[in-house]
Structure formats: C-alpha cells, structure tokens
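Those protein sequences? They're chains L and V, same order as listed. My numbering numbers the first residue of the first sequence as 35 and each following residue consecutively. My numbering numbers the first residue of the second sequence as 8 and each following residue consecutively.
Errors might be hidden in some of the hints.
[Unchecked claim] Which residues of chain V face chain L? A partial, calculated answer using Cβ under 8 Å:
id : residue
1  : TYR116
2  : MET119
3  : PHE128
4  : VAL132
5  : TYR179
6  : GLY187
7  : ASP188
8  : MET195
9  : PRO244
10 : GLU247
[What the hints assert, rightly or not] Mimicking EDC-like on lysine to aspartate or glutamate, the simulated pairs with C-alpha atoms at most 20 Å apart in a straight line are:
id : chain 1 : residue 1 : chain 2 : residue 2
11 : L       : LYS91     : V       : GLU264
12 : L       : LYS105    : V       : GLU172
13 : V       : LYS169    : V       : GLU252
Source of the hints: derived by calculation from the structure; they are not laboratory data. Note that the Cβ used here is the ideal one computed from N, Cα and C, for glycine as well.
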Amino acid sequence: MTSRLIGLSALGYLAVVIAVLCGAPSGPMEAQLRALALSDVEAQPDLGTEAQRESGKVLYAKYCVQCHGEKGDGAGDATLHLLPRPRDFTTGKFKIRTTPSGALPTHQDLVNIIRRGMPYTSMPAWPNLSDQDVSNLAYYTKTFSPDFSVAESVPKPLEFPAAPASTSETIALGKKLYEENGCLKCHGALGRGDGPSASTLLDDLGYPIRAADLTQPWTFRGGPTRQDIFRTMTTGLNGTPMPSFADALPAEQRWAITDFIASLSGSEVPAYTNLVVAKHALDPIDLAKGAEVFASAPVARFPIVGQIMEPGRQFNPAATSVTVQAIYDAESIALLVRWHDSRADRTGKADPTLPVPLEEEVEAAKPAAAPAADPADPFADPAGAAAEAPPSEFNDAVAIQIPTQAPTGARKPYFIFGDAQNSVDLWFFDLARPDPLQFTGRGSADVVPNDTGDVTGVASYDQGEWSVIFKRPLRASSGVAFVPGGFLPVAFSVWDGFSRERGNSRGLTAWYSVYVEPEVVPSAVGPMVRTALFLLVIELAVIGWVRWSRRSAAERQGREGGSHPAATRA
Amino acid sequence: MNIPVVLAVAAVFTFLRFRRANLLVWAGAWWVGLYVIFRFGFSAPIPASVVSLYMGIVSIAILAYVSSSEQRREEISGPLIRFMTDKRYTALLGATVVAIPALAAANVYVQMNVPLEPPLFPRTVHPASPTEITVHDKKIDLDAGENPFLELAVSHPEEFRKHVENGRRVYYQNCVFCHGDNMTANGMFVHGLDPIPTNFADQGAISILRDTYLFWRISKGGPGLPEEAAPWDTAMPAWEKFLTEEEIWDTILFLYEFTGQKPRAREEVHTQ
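Here chain L stands alone, though its shape is the one from the complex (with noise of 0.2 Å):
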C-alpha cells in the first residue's frame, strides 16, 4: 500500500516538473501568440522591452556590429570585401519576409533569419544562441529603423495556404506560367539565373546583383523548400529587383511556378563529392560528338570557394559549383566540366598570369551605378533603356590542375597553381578561343606558358550553363600519366569574365581525386564460390570425421562388451 503511494507521488512530481518545463517561457511561441493578438486587436509596434532591447545591444555588439556597423547601416569593418551587402537595418528593408512588398518584416521573420542565416552569403546561421538571446537581437534590430515604431507601418503577414501536392500538370502549368510572367527576363529559360536581363541587375543601393540560380535552391537566400521558394515569390525580396507577385498571380499559380522551379533541381541539398570516377569507353572518343559520349560516366559535383589566398583575391566568385565527368579509351582521357555563367564573355582576353591590382579587391564591392531611386525594372522592354550591360573586358575561363609527376605518396603539389618544388600542369580554355593551351605552374606567381599540344578540346554555351571537354592522350610529354586502377589529384579553376576574374581572381576548387576505373572491373563471383567451397569441404570433413570416429568407437564397444550401439547416444 505504502510503494503504491510512493509510486502515486512519484509519477506525480514527475508531471510537475514536465509541465513546468514545458511552460518556460520560449521566444518563438510567446512571439507567434503576440502575433496573433496583434493580427486581432488593433496592431500596435512591438518592440519589446528596454531590457530586451538592452540585452540585444550587447549581443549585436559582439557577434554584428562587424558586418551591419555600429550605426545598423551595414557599414561595418569587414563590409569591405562582402557582396551581397551586410544589410542596411535603417532602410527598414528586409529581402526574407512573410509580410507584402515593401512592407516591415515581422518579428518573427526577423527571428528566423537570424536563426536560419541566409546560405552562401557573409550571413551565418546562429544555431547556438538562445530563443530568448536571438529574439533580443530582433528587437535591437528594430531600434535602426524609426519605422518600426509607427503604428501605422506594422506588418501584416500574408496569408500562406498550406502546399498542394506537386504533380506532373502543376509542373507543367508552372513551366508556362513561368515563361509568360516573364521569370526567364532574369532567371533564364532553364533558371540558371542567365535572362538577358542577368547582366544589368542592380540593387537599390546600386550594387550589382545576379539572378538567383533556380537549379541549386541550397544557395537560394530564404531556403531550399518549396515553402521557401513560395513566401519568395509571395513577397517579392525588397531592396533587390525581385518583385511580388502577391497580386499578380493567385495562389495556386504561385504553387504551380513553385513546383516547376523544385522540379529544375529535383534536390534541396547538393551532392557534393570528393571522387570523378572515369569510365572505359569501347569507342574511340569523339570530340565532335559533345558531350552526349559521356551518357555513362557518373557526375561528380565539386563546390567552388573563392581565390582568397594569394593577393589578387576574389570573395565573391560567381560560379557556385562544376559537375565533372570523366571517360577514356585505349588512348585519351577526357574530362567534361560543366557549370552556370549568366552569360558567355568572349570579347576580352583570358590568361591564368593576368595581373590583378591590390585596389581590385576593395572595388569590386563598390557600387557600379549611381543609386537608383526605384529598383531596376526587369520587366521593362529589353529594347528600351535596360539594355544588355556592355561586353566584358575579361573572357570566362576555366582551367584543369593536375601533378607535372606522379605524386610520391600522398605528396602533392601546392593546391593553388603548385610550388617551387613539385609543379602542376594546367589545361586551360580562354573560352574565346577554339583550343585549350596548357601552362605549367610552380606557384600563383610562376606559371608559364608550356604548350605540348598535347591537350584538346572543345567548348560550348548554351543558355546559361558551358560544356568544356579537354583531351589529352593517358600518357603525355607534360604532365602525369593516367594509369587504370589508379587515383589522381586533380583541381579546377572558373574566371567569369563578366565579374572581372582573371588570373589570381577567380573560383577555385580544392584537390580532389580523379579514379581511372579498370575496363574489366572484376567480378566477385569467383572469389564467392571459392570462400562457400572451401568452407562447405572443411564443414563435411569435420562431419565426417566426426561421425567416422563415433561409429568405430561404438564398433569397438560393441565387439568388446558386446553391448548395443545405440548406449553410446546419451
């Protein structure tokens, strides 16, 4: 009777402390019923408590004031070298928001940013900070902008239905409503961000912007989902020429244009590896033929960071990614790297050894026109004032990195151009030109012209995305040879012409490996059977042995003792 009491008592303090646990105060929830109030009530400016904002304030100081700057006006120490902008909090505009365009986002939507940051942007997410500690920032946050405070300016969230099942027809819709409400202007026909709007986009405060790649939503600013992708083009981003289209479209047709871009990328995350695997092929590789030769070898996809390590720096490369393939034959190799560029630049010059200026660096986060007061129309005629931005004065480039020697045990050459003591052979493609030419480097400031003509290639552009195949015989007077069953070190290197890289200023990627896959991979048949034989002869012997030495030992018995056989089984 007693135990049972204890038990009661038990389970009972147990409750306690579960419902006490569960109504501490969380951010999130206390702000999202506020928001609901407000959206009942008469909407009233919430800008939390002195205290609140107090402690936002010295969190800000810590972790913000580097980026958004004393003042919230974005111009913080290390805006130097970001694009996109840090945001400027006193302009009170907000590209992530779930309120209508032009308006304040509320301050959930300010939350969530800050928790989630905004992919491949200065912008981290801040996973570690408390609800309390991020909602605090929300509110100091507000203290740049005096319209926060204004009755009159307080958000109202639009409306989000839930997501419709994405289907085959809504894709379909929302490819034609995608053509016809002019989304290719800028994001291109295949949403690889090259409209023939791409190139003149600028932002309010007259920085140039590029046209979201729709075929890799992990680096879309507000999130990968279709949620996301729908609040996008519910809302419009402000500041930026991404407009609403709220008004414009009914919600289903909003849904429809969301499943038509989810279905460009048909993934939220990318499949970054580490490893091109080549594949034989049986016939002898054709340039001519493009890339459809490569139908069978796997894509490997390889992320590019900027060249911020040798002077010359480039922060903000305009190449995300390359997908690499890789095929041979009895003779040749060949490598297909493919990537997104908003448009072809061949009118200028290329060359891995183009000098950059120190200046560069800082400029080119400079704004390139006068701030506009209205942000660039997109959607004006293309003939008319918003004209195509002037042709480049740098072509887009893109260049192969690999060991001049085979690699003594895991010893490479330096991973940007190679070093004094071990070089790297470089293909590269000045894309204005019909053929690669290959460099031997031995460091960013020693790369030299070294064209064996052994290497061969072919390059084309097609809306929005450069097919670049080089050739080049597995074995070659410059640079190491490709040998079946082995593993290679290999990099690459992307200029886009049009955001002024060249030589040291460009995207890069690590060294990762190239795997000349066997033509005969060998089958594990042979060596099954051979372990199941060998194993099912040892098990008989064993049994037989066995069994052998039973029956004789009862043989023995019986002519000694004369006694049954079966006795022996106890």
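Following the hints, put chain V in place on chain L, whose structure we already have.
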C-alpha cells in the same frame, strides 16, 4: 557508457543463469555479449579494427576456459557431436552446412563492393614550429618571444583596447570567410575546404598553443607547414603577404579575447 545496451546484455546473462544453460550456450553468450558491448555499449564509438582485436582476445580466453578441464571439454563437445550425428538434427545440420558458406560468400561480396574512397593522408594537426622565423625582414623568436602588445593589458589598458579592436577589424576583413563569425570554423567557404579551418572556440585549440605559435601559423600559413602536416592541401594563406607584423599580433589578441581563452604560458625551466 550506453546504459540500455549494457542492461540488455546483463538481462540476457541473468536469464541464462536461471535457465541453467549449458557451457556451450554460455560460451556463445559471452562472445556475442562482449561483442555487443564493444560495438554498441560505449557512447564514443570504438574503431572496428580495435573491436576485432578485442574479440580475438575474447575468443582465446573462452577457448582457454572451455578446454581447461576434461569435464568442460566434454560439456562443449558433447552437444556439438550430438548435433552432427543424431538423426533428429539432420535437417538443421543440412541448413547449417549450407548457411555458413552462404554467409561467408555474402561477406566477400560486401567486401568487394565498398564505395571507392580516395587515398587518405594522415596529417599532423599541430606540427612542431621552427625556433625562429623571418617576417617582413624581421627575425621573430618563437621560443623565447611573446606577443609584444600583451603587456599593454596591464600597463596601458586603453592602448591595449585599440590593438584588440584593430585585431577585430583584421579578423572580419580577412579571416571570417573560413573561420566564421563565431570562430567556430563555419565561414561561407568551409564547405569547399579540406582540411577544414581551425575552430578557435574549441577549448582544445588555441588555449594549448603559445601566441608565438599562432604568429607562425598566421604569417606563414599552409605553404609554411612542414611536410607531415600536408602543406599542399590547407587553404590557410601566408598572411605576411597581406598583413603587417602588428596586425598579426593584434589579431592574435582579438582571437583570445573573443573566445575568452588565454595563450599557453611559456614553461619555465626550474634550475636549482
């Protein structure tokens, strides 16, 4: 320890104890039980090669135990011999004879189809530093030296603040892209780097290093590493190309200040 796993193994052993299981069952139970504990019983995973080493020792110990007396040998071999000779077990024996080679063949198949992994290079994370380096034509003693601005913290606190603030500026204009806003190595380019940058917020990183060691790593970067630390892969720039000596020292002050850590003090040699 992973308590539920350990308790489950203990429960099975208790059950066997009450069932008065024979020695063969016990030997099997010990072998499987210990394997489960090595493999799943610890919250920090034990490498597979170490587990197989342990299991080898366990196998030898069990064999030694069961063969240590005539009676135990009988207890072990009796059931096995019955299994192989008694007509009652013929069907089961046949199934076992087929199953063991089949499992071994399946294992061969799995072994031959492991996903391809490029060759790995084990690298030293904090290799020994040289005793002296030259930065901007000035010799810096890494053994006896220390951050020249550190003493300002006591003598001229206001001057010291200026150095820390300058370090903050340098960090966020140059280092943030890889080492991240919060110094947890989550900068915007980290997904494309291997090895990943140092996480300064980690308590076991800069607090176990002297500030002169950081000066060496920052000024000479990846290319200045010795061979055992794979200088060809790391993206750490040689910052002497971009920064003055003072800027590097200021940045070091800021790193320790932001993370609330202190550089490892020089160890005095006590002579009597």
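Outcome of the hint check:
no.	hint	in the structure
1	TYR116	holds, 5 Å
2	MET119	holds, 4 Å
3	PHE128	holds, 4 Å
4	VAL132	violated, 15 Å
5	TYR179	holds, 4 Å
6	GLY187	holds, 6 Å
7	ASP188	holds, 5 Å
8	MET195	holds, 6 Å
9	PRO244	holds, 4 Å
10	GLU247	violated, 11 Å
11	L:LYS91 / V:GLU264	holds, 19 Å
12	L:LYS105 / V:GLU172	holds, 17 Å
13	V:LYS169 / V:GLU252	holds, 16 Å
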